[in-house]
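Q: Now for the letters of each chain:
2 protein chains.
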Amino acid sequence: MVDIATRVYNHNWKIDPIVRSLIDTDFYKLLMCQFVFHRKPDVNVTFSLINRTKSVRLADLVEEKEVREQLDHIRTLRLSRGESTWLRGNMFYGKRQMFTPEFMEWFEQLQLPPYHLEKRDGQYELTFEGKWPEVMLWEIPALAVLMELRARAVLRHMGRFELQVLYARAMTRVWDKVERLRRLEGLKLADFGTRRRHSFLWQDWCVQALIEGLGDKFIGTSNCLIAMRREVEAIGTNAHELPMVYAALAETDEELREAPYKVLEEWHEEHEGNLRIILPDTFGTRQFLERAPDWLAGWTGIRIDSGDPFEGGETAIAWWKSRGQDPRQKLLIFSDGLDVDLIEKLYERFHGRVRLSFGWGTLLTNDFRGLVKDDALAPFSLVCKAVAANGRPTVKLSDNPRKAMGPKEQIERYKRVFGVGEQVEREVVV
Amino acid sequence: MVDIATRVYNHNWKIDPIVRSLIDTDFYKLLMCQFVFHRKPDVNVTFSLINRTKSVRLADLVEEKEVREQLDHIRTLRLSRGESTWLRGNMFYGKRQMFTPEFMEWFEQLQLPPYHLEKRDGQYELTFEGKWPEVMLWEIPALAVLMELRARAVLRHMGRFELQVLYARAMTRVWDKVERLRRLEGLKLADFGTRRRHSFLWQDWCVQALIEGLGDKFIGTSNCLIAMRREVEAIGTNAHELPMVYAALAETDEELREAPYKVLEEWHEEHEGNLRIILPDTFGTRQFLERAPDWLAGWTGIRIDSGDPFEGGETAIAWWKSRGQDPRQKLLIFSDGLDVDLIEKLYERFHGRVRLSFGWGTLLTNDFRGLVKDDALAPFSLVCKAVAANGRPTVKLSDNPRKAMGPKEQIERYKRVFGVGEQVEREVVV
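From first to last, the protein sequence lines are chains P and W.
The end of the first sequence is residue 429 by numbering that gives the first Met the number 0, with every number in the run present.
The end of the second sequence is residue 429 by numbering that gives the first Met the number 0, with every number in the run present.
By construction, these hints were calculated from the structure, which means they are not laboratory data.
The beta-carbon is built from N, C-alpha and C at its ideal position, and this holds for glycine as well.
The reader is advised that the hints may include incorrect statements.
Residues of chain W clear of chain P, computed beta-carbon distances all greater than 12 Å [said to hold, decoys possible]:
| no. | residue |
| --- | --- |
| 1 | Thr5 |
| 2 | Pro16 |
| 3 | Gly121 |
| 4 | Ala167 |
| 5 | Arg168 |
| 6 | Met170 |
| 7 | Asp175 |
| 8 | Glu178 |
| 9 | Gly185 |
| 10 | Glu265 |
| 11 | His270 |
| 12 | Glu289 |
| 13 | Asp325 |
| 14 | Asp373 |
| 15 | Ile410 |
When the alpha-carbon atoms are kept at most 27 Å apart in a straight line, the in silico DSS-like pairs for lysine-lysine are as follows [unchecked claim]:
| no. | chain 1 | residue 1 | chain 2 | residue 2 |
| --- | --- | --- | --- | --- |
| 16 | P | Lys130 | P | Lys261 |
| 17 | P | Lys216 | W | Lys372 |
| 18 | P | Lys372 | W | Lys187 |
| 19 | P | Lys118 | P | Lys130 |
| 20 | W | Lys414 | W | Lys384 |
| 21 | P | Lys39 | P | Lys414 |
| 22 | W | Lys384 | W | Lys39 |
| 23 | P | Lys187 | W | Lys372 |
| 24 | P | Lys372 | W | Lys53 |
| 25 | P | Lys53 | P | Lys94 |
| 26 | W | Lys261 | W | Lys414 |
| 27 | W | Lys13 | W | Lys118 |
Construct the entire structure; sequences and hints are all you get.
A: Dropping the structure here:
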């Protein structure tokens, strides 16, 4: 039976919006946003969209008009009453009222700030400038829009059954992965795939498949809207933008060296328990840990987001031991370029030695590799990062030089200040 | 948006009917039914359902109550006005009014006759007795009901996503086959998969996938309801039941020997062109062709439905040549246990030497092999055959002794009368 109302409603769409909610974003963005709202509300930042996969010429694939329509639509969004109620009343990581009334009042009024879009060399240059707490919320929706518009451009020319079979193949692939993962005793795994997802509906499908297929091995999703609708945990803590911006604001080399610890000191004041997760790689993991104050060793865990993950895990364990901590009480979260093979290998290496958790991103929510001609749906490495703070450029070194960002002379300065030596290059898949 | 009406409607079903139309059957059944209606309306026949795959214990898997509900539902069906209009007005094989007004008037009044159902040794014994034109129409719906009830019994315990992924895998498999088949230049292929389909909806999906995926390489479906709804050709001619019943009615060995030719002589009077297809294997192909009258060599084609299909094809070509016919003008239809590998090999062997066509059955509409635990959805060899006519047992020899049917002493008599020697056994997959 045709549902006439739905069909007519669909006809009436001017666009088919990709992002339909301000909380269709990663949970850690909201945690960081509140942190920044409290501590650095007036810092001016610039975020910029960067396609690290130059071979995917986005501006040739996707019309500028479509990009503007989607971004303009996001600017019409406001936090809805139900979303606000959920953020105010839901328990996150065992804690109620994670978000303060002051922050919620601000968020309820929020409209995302204007964007600046132009084409250059077959790519879009998309930048956002303004107050840090507002601008930072563009990152995830901007990425999701570009990823999904590219997918739509490829899908537009496919037949009805061809499409159905494409999704059948993608579903089969996800489920094959689920069937492998559920063999891992005591696995803890979360969806981290919002930013580079194939589409919203597809991410939502993947999460539901994980709920059914993994049972309590699936601990939740980074996506707030999906967490709310599917009644699972919202997962996430903090990201590189905090130390990057704090570092950019430093006046001296000494302040620069202390900036990453300052961020975590302030975070420590705001949060406890599972939210005390160290992301050590912004300016190189090894030096960061060596110089870390002892109170950091008391934190719950470490997230490994670049470099060789086996090495990263061993480094973390050795560091905890060196600080008199029992690694078996500590949480290691892997979140960089994961797929089932790597999850299995990391599980094999670390299971039983530490508490273990996986943040599975792009290869969960966007593994369409090899499914269409010319591999035109393969995921690619699109990022949206803080590139400046109060007029000064930001820098990221990471544990993989290919993920480094910032002006060359600043990268050299940071390497000197943070004492980073030779690093091993690793291919960036997604 | 939830379509409330559909949901409530679905709740109101007492059963979820498997067969919802009297034309949810094979087209050749209707052609043969009209033939019998004209020529042998008063012959009494018994049809009996036989599960050749004893390891599938249907009576343990499916409740008797369910079988009765489905069969009772079929007995409530009447030809609908739209179905009647389509049968009366549609062009079949280029001919309008394929069905005479007398036959249509009879069909419009038809209710399928009672059935007899009991359990024995973990199997159902399902028999139908009565006038040939009525009883014969039970064959296809009875098979479809048992096949689908077995599938439903397996699917009942699966989760929502597990189910979706099951179908995703099955769709992927069908489409992989489509992608291989569409490479075959000039391929002609029809769906013959009604009787042992996984379900009606699944067959309908498969047909639509073939329409989109194969284009004009897909020539139609044997299923009348799907042919009507999807606006493709209804495909089929005649089957073993005609010579089997004619043979059983023969009074002498001489009449028996002539019975298969008598059927075709009468068929010849009714039909022309593409409907003149010889099914030569009922009592052994080689002897049948050797003794065939010359006018049979003028027919359009031969259908190969048992035995080694390569040998069968070569036999047919040699026979046409021996009768002064040009094989390139003749049609070879393969319809026994086909899947893509075999279709490709047969195409390779015969393409260009004859006109070629494939009737793809169970492994099109029911290839769920290996997709669930214990292979519980693998198709199995269920048949429903005329076992008696006017109180005498029927016999089928076929070109594969494993497909032979009938009382042992009658099989021996038929082998003697038809001069059938040694035959090679072949595994019956479906």
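Q: Against this structure, judge whether each hint is valid.
A: Hint-by-hint comparison with the structure:
1. Distance to chain P contradicts Thr5/W as a non-interface residue, since its nearest Cβ pair spans about 5 Å, not more than 12 Å.
2. At the 12 Å boundary, the C-beta of Pro16/W stays outside the reach of chain P, the nearest C-beta of that chain being 16 Å off.
3. Listed as a non-interface residue, Gly121/W keeps its Cβ farther than 12 Å from every Cβ of chain P; the least gap is roughly 31 Å.
4. Its closest Cβ contact with chain P, about 4 Å, brings Ala167/W to no more than 12 Å, contrary to its assignment away from the interface.
5. Non-interface call for Arg168/W relative to chain P: violated, since the shortest CB-CB distance, roughly 5 Å, does not exceed 12 Å.
6. Under the 12 Å C-beta cut-off, the non-interface status given to Met170/W relative to chain P is violated; the minimum distance is some 4 Å.
7. Interface exclusion of Asp175/W from chain P breaks down, the closest Cβ pair being 9 Å apart, not more than 12 Å.
8. Not every C-beta of chain P lies more than 12 Å from that of Glu178/W, the closest at about 9 Å, which undercuts listing it as non-interface.
9. For Gly185/W, the condition that its CB be more than 12 Å from all CB atoms of chain P holds, with the nearest at approximately 22 Å.
10. Every CB of chain P is more than 12 Å from the CB of Glu265/W (nearest about 42 Å), matching its label as outside the interface.
11. Listed as outside the interface, His270/W is consistent with that label: its C-beta sits roughly 34 Å from the nearest C-beta of chain P, beyond the 12 Å cut-off.
12. Separation of Glu289/W from chain P is adequate, the least Cβ-Cβ distance of about 46 Å exceeding the 12 Å criterion.
13. The claim that Asp325/W is not at the interface with chain P holds, since no C-beta of that chain comes within 12 Å of its own (minimum 38 Å).
14. Residue-level check passed: Asp373/W sits 16 Å from the nearest beta carbon of chain P, beyond 12 Å.
15. Chain P leaves Ile410/W outside its interface by the beta-carbon criterion, the shortest separation being 46 Å against a cut-off of 12 Å.
16. Restraint check for Lys130/P and Lys261/P: satisfied, since their Cα atoms lie roughly 21 Å apart, inside the 27 Å limit.
17. A distance of roughly 22 Å separates the Cα atoms of Lys216/P and Lys372/W; the hinted pair therefore holds under the 27 Å criterion.
18. This hinted pair checks out: Lys372/P and Lys187/W have alpha carbons roughly 26 Å apart, not beyond 27 Å.
19. Between Lys118/P and Lys130/P the CA atoms are separated by roughly 25 Å; this keeps the pair inside 27 Å, and the hint holds.
20. Of the pairs offered as hints, the one joining Lys414/W and Lys384/W holds, with about 20 Å between alpha carbons and a cut-off of 27 Å not exceeded.
21. Taking the CA atoms of Lys39/P and Lys414/P, the gap is near 26 Å; set against the 27 Å cutoff, the hint holds.
22. For the given pair, Lys384/W sits about 17 Å from Lys39/W by alpha-carbon distance, which is consistent with the 27 Å threshold.
23. A distance of roughly 26 Å separates the Cα atoms of Lys187/P and Lys372/W; the hinted pair therefore holds under the 27 Å criterion.
24. A hinted pair counts as satisfied when its Cα atoms are at most 27 Å apart, and Lys372/P with Lys53/W does not qualify at roughly 45 Å.
25. Under the criterion of a C-alpha separation no larger than 27 Å, the hint pairing Lys53/P with Lys94/P is inconsistent with the structure, at around 43 Å.
26. For the given pair, Lys261/W sits about 19 Å from Lys414/W by alpha-carbon distance, which is consistent with the 27 Å threshold.
27. Annotation: proposed proximity of Lys13/W to Lys118/W holds, straight-line Cα distance about 24 Å (limit 27 Å).
Consistency with the previously given hints fails for numbers 1, 4, 5, 6, 7, 8, 24, 25, ordered from lowest to highest.
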